[in-house]
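Please take these sequences and the hints and turn them into a complete structure.
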Amino acid sequence: MAAATNGAPPPKISVRRLVKSFGAKCVLDGLDLDCAQGESLVIIGGSGTGKSVLLKCILGLLRPDSGSIRIAGEETAGLGRTARARLMMKFGMLFQGGALFDSLCVWENVAFGLIHARGMARQEARGIALAKLAAVGLGEEIAELYPAALSGGMQKRVALARAIAAEPEILFFDEPTTGLDPIMSGVINQLIERCVRDLGATAISITHDLVSARRIADRIAMLYQGRIVWHGPPAELDRSGNPVVDQFVNGRPEGPIRMEVRAL
Amino acid sequence: MLSFLATIGAATLSFLAATGRLAIFAGTAAASAVRPPHYGRALLRQMRDIGYFSLPVVGLTALFTGMVLALQSYTGFSRFSAEGAVATVVVLSMTRELGPVIGGLMVAGRVGAAMAAEIGTMRVTDQIDALETLSTDPMRYLVLPRLVAGIVSLPLLVLIADVIGVFGGFLVGTYKLGFNPYTYLRGTREHLETIDVVSGLIKAAVFGFIVTLMGCYHGYHSRGGAQGVGQATTHAVVSASILILVADYLLTAAFFS
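Chains as they are written, first to last, in this note's numbering: chain A, 1 to 264; chain B, 1001 to 1257.
Hints may be right or wrong, so weigh each one.
Just so you have them, the derived chain B footprint on chain A, three or more residues with Cβ under 8 Å [claimed, not checked]:
no.: 1; region: 28 to 38
no.: 2; region: 89 to 99
Lysine to any residue pairs mimicking SDA-like chemistry, simulated, CA-CA at most 25 Å apart [unchecked claim]:
no.: 3; chain 1: A; residue 1: K90; chain 2: B; residue 2: A1010
no.: 4; chain 1: A; residue 1: K90; chain 2: B; residue 2: M1139
no.: 5; chain 1: A; residue 1: K25; chain 2: B; residue 2: G1225
no.: 6; chain 1: A; residue 1: K90; chain 2: B; residue 2: H1038
no.: 7; chain 1: A; residue 1: K25; chain 2: B; residue 2: A1026
no.: 8; chain 1: A; residue 1: K90; chain 2: A; residue 2: A36
no.: 9; chain 1: A; residue 1: K25; chain 2: B; residue 2: Y1039
no.: 10; chain 1: B; residue 1: K1176; chain 2: B; residue 2: A1082
no.: 11; chain 1: A; residue 1: K25; chain 2: A; residue 2: R227
Restraint-style ranges between C-beta atoms, simulated for each label pair [said to hold, decoys possible]:
no.: 12; chain 1: B; residue 1: G1020; chain 2: A; residue 2: A131; range: 44 to 54 Å
no.: 13; chain 1: B; residue 1: Q1231; chain 2: A; residue 2: D102; range: 14 to 24 Å
no.: 14; chain 1: B; residue 1: A1011; chain 2: A; residue 2: G78; range: 27 to 37 Å
no.: 15; chain 1: A; residue 1: L104; chain 2: B; residue 2: G1178; range: 52 to 62 Å
no.: 16; chain 1: A; residue 1: G139; chain 2: B; residue 2: Q1231; range: 20 to 30 Å
no.: 17; chain 1: B; residue 1: P1037; chain 2: A; residue 2: A131; range: 23 to 33 Å
no.: 18; chain 1: A; residue 1: L79; chain 2: B; residue 2: F1064; range: 51 to 61 Å
no.: 19; chain 1: A; residue 1: F22; chain 2: B; residue 2: I1008; range: 21 to 31 Å
no.: 20; chain 1: A; residue 1: A77; chain 2: B; residue 2: I1008; range: 36 to 46 Å
no.: 21; chain 1: A; residue 1: D218; chain 2: B; residue 2: H1038; range: 54 to 64 Å
Since the hints were derived computationally from the structure, they do not count as laboratory data. Bear in mind the structure is a predicted one, so any value in this text is a computation, not a measurement. For glycine and all other residues, C-beta sits at the position ideal for the given N, C-alpha and C.
See below:
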């Protein structure tokens, strides 16, 4: 690879010519993407443009039709179950709906990966879980509650604590602020910023919340029609010179992006 | 004519495809049993849910099944003066056939449905994906404990159901039909052989496997929100009930012919 030959370390995550379709609908169409070690990349794009599909392909939850995905230089396509589980130890993922296990209480959710994947003793894992909950601003009093008893913002924070519990090298955030009020969104953004910085982790977030994107990104990439059509630092978002990005940032109904709605 | 053949062909293909998917699903779960880690806590919880919490339902149905068996066989057999066979008929029907089948069907309704709904909800709310991102194989953590719990708990449950059913027959026989308790119990034990009970317990283990496999399989593959989970639940109960009756015939044929 070009990056490897000139002596620089390979990018932490490198996606090449990724294709994924569902039936006749081609969602990812030869997508290329690099994310450097320690970088916080935010992918923006409209609803249904395949942002979640991209993350799920990188995580191996969806099998891409073709293309290559390398994590720290290692090809991940076609890994077996055991190798995949080992690779997953590097990852932390915050799901859009939180995806907390509703049959387990809050601290068991946070400690899940420590207990089940790393074989840590329950008492020790509980201590770490409480520390991680404190790191996202939640007290010990909710540790024994079940996720159903928590508000949306608290569930997101517990899910964030679960994602960072094992101190992963790579963090994925799927729409971290969707469905939260502006203040809670601000809190979550701040937590994400701090977690990524403290862990020194590489982070990919997907969102269509531009406030959140500008806040947490080192670099923003725009996904449109199955490819990355523009990427650059947040400061250049408003003068990208790309008509697709312009329309998205300004929220104009007219432009190259055609919403699938019929005119009245 | 061609479209008729095409319909038959499509139905056959989709049946074979579904059978293959099911076999792969069961095979993957079985393969995950040989390597650690194992989730003992999850297994105990499932055994409690499947076995212990099904006791009232299965016990009650077994009691009334035994009672009605005694009543029916008495009125039937009295037409050719064979009332003495009532106790034997009750115990053989119960252990060979009705204990396992009724137990299996009740558990399919109670446990299979709950299992499909729980795993289906976990699927549509990304909890199964979350398991994978936490390096936990959902087959090993969710499916395997349920399958093992089904195979182990159902025979135990059916053994208790057999005893309760026979007791139900005894109650009706002695209090309503006027049998001497001693004669009735002798009739119960005289013609009972080990194979009668053992075959019923093997059936129960197979039914336990069917119920939990259907619950897990349909839940695991459910799609599209609440409606999808509802469908998965229906499919789990219906397919488990049909498969129980089919397997019952095949096993009976294998044991006794």
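Results of checking the hints against the structure:
Only when three residues or more bring their CB closer than 8 Å to a CB of chain B does the claim for the region 28 to 38 of chain A stand; here the count is 0, and the claim is violated. Closer than 8 Å: that is the beta-carbon criterion, and the region 89 to 99 of chain A has 8 residues meeting it against chain B, so the requirement of 3 holds. Distance check on the hinted pair: A/K90 and B/A1010 sit about 44 Å apart at the alpha-carbon level, beyond 25 Å; violated. Between A/K90 and B/M1139 the alpha-carbon distance is near 21 Å, which keeps this suggested pair within the 25 Å criterion.
Restraint check for A/K25 and B/G1225: the C-alpha separation of about 21 Å stays at or below 25 Å, so the hint holds. For the proposed pair A/K90 and B/H1038, the alpha carbon gap of about 22 Å is at most 25 Å, so the pair holds. Proposed proximity of A/K25 and B/A1026 is contradicted: the alpha carbons are some 31 Å apart, above 25 Å. Note on A/K90 and A/A36: the hinted pairing holds, with a Cα-Cα distance of about 15 Å set against a maximum of 25 Å.
Distance check on the hinted pair: A/K25 and B/Y1039 sit about 40 Å apart at the alpha-carbon level, beyond 25 Å; violated. Between B/K1176 and B/A1082, the direct Cα distance comes to roughly 17 Å. Compliance with the 25 Å bound is thereby established for this hinted pair. Between A/K25 and A/R227, the direct Cα distance comes to roughly 14 Å. Compliance with the 25 Å bound is thereby established for this hinted pair. A hinted range of 44 to 54 Å holds for the C-beta pair B/G1020 and A/A131, which are about 47 Å apart.
The beta-carbon spacing between B/Q1231 and A/D102, approximately 21 Å, falls within the hinted interval of 14 to 24 Å. The beta-carbon spacing between B/A1011 and A/G78, approximately 34 Å, falls within the hinted interval of 27 to 37 Å. Range check, A/L104 to B/G1178: about 57 Å between beta-carbon atoms, so the 52 to 62 Å window is met. As the Cβ distance of A/G139 to B/Q1231 is approximately 41 Å, the hint placing it in 20 to 30 Å is violated.
In this structure the supplied range 23 to 33 Å holds for B/P1037 paired with A/A131, their Cβ-Cβ distance being about 24 Å. In this structure the supplied range 51 to 61 Å holds for A/L79 paired with B/F1064, their Cβ-Cβ distance being about 54 Å. A C-beta distance of roughly 29 Å is found between A/F22 and B/I1008, which places it inside the suggested range of 21 to 31 Å. At about 39 Å, the beta-carbon gap between A/A77 and B/I1008 stays in the expected band of 36 to 46 Å.
Checked against the hint of 54 to 64 Å, the pair A/D218 and B/H1038 fails, with Cβ atoms roughly 42 Å apart.
The structure fails hints 1, 3, 7, 9, 16 and 21 (numbered hints given earlier, in ascending order).
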